[in-house]
Amino acid sequence: MENRPWFQHYDEGVPFHIDYPPVPLFHFLEDNARKYPDRAATIFKGAKISYRELNELTDRLAAGLYDLGIRKGDRVGLFMPNTPQFVIAYFAILKIGGVVVATNPLYSPREIEHQLNDAGVEYMVVMSNYYERIK
Numbered sequence: 000m001e002n003r004p005w006f007q008h009y010d011e012g013v014p015f016h017i018d019y020p021p022v023p024l025f026h027f028l029e030d031n032a033r034k035y036p037d038r039a040a041t042i043f044k045g046a047k048i049s050y051r052e053l054n055e056l057t058d059r060l061a062a063g064l065y066d067l068g069i070r071k072g073d074r075v076g077l078f079m080p081n082t083p084q085f086v087i088a089y090f091a092i093l094k095i096g097g098v099v100v101a102t103n104p105l106y107s108p109r110e111i112e113h114q115l116n117d118a119g120v121e122y123m124v125v126m127s128n129y130y131e132r133i134k
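Under numbering that gives the first Met the number 0, the sequence shown has 36 at position 37, and the numbering climbs by one with no breaks.
Treat the hints loosely; a few may be bogus.
Unchecked claim - Mimicking DSS-like on lysine-lysine, the simulated pairs with C-alpha atoms at most 27 Å apart in a straight line are:
1) K134 to K71
2) K44 to K34
3) K34 to K47
To be verified - Label pairs and their calculated CB-CB ranges:
4) Y122 to G12: 39 to 45 Å
5) A62 to Y9: 40 to 46 Å
6) R70 to Y35: 27 to 33 Å
In case anyone wonders, no lab produced these hints; they're calculated from the structure. Even glycine gets a Cβ: it sits at the ideal position worked out from N, Cα and C.
Based on the sequences and whatever the hints tell you, model everything.
Structure (structure tokens):
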């Protein structure tokens, strides 16, 4: 076992490594939507979205993004703060095989341009109040 300095700060019983199954990340959302459909997946400013709702919303957005031409391997920028919309867009992009490139809305225009160009972003999902900064 590797001896990493931070391991000494782990509480007793906390594993040093966790093995994950080799499945796409969105499978965890779909599994939770089946197992715990009515449990809260997100809580934002007191508003809850259940796993069922989150999975349905991501499916709907994934279908819309696919209809717009986004395909497996396409790099899709997300330009929005940490909100339920970010979570929905993140999983929707994954469901159609896209590569998520999360971009911080607080970046300067130069930083945004560099990140998007460096990552080869072809499409953007932008919260409307940030559109002027990204167009």
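>> To test your reading of the hints: which numbers does this structure violate?
In response: Every hint satisfied by this model.
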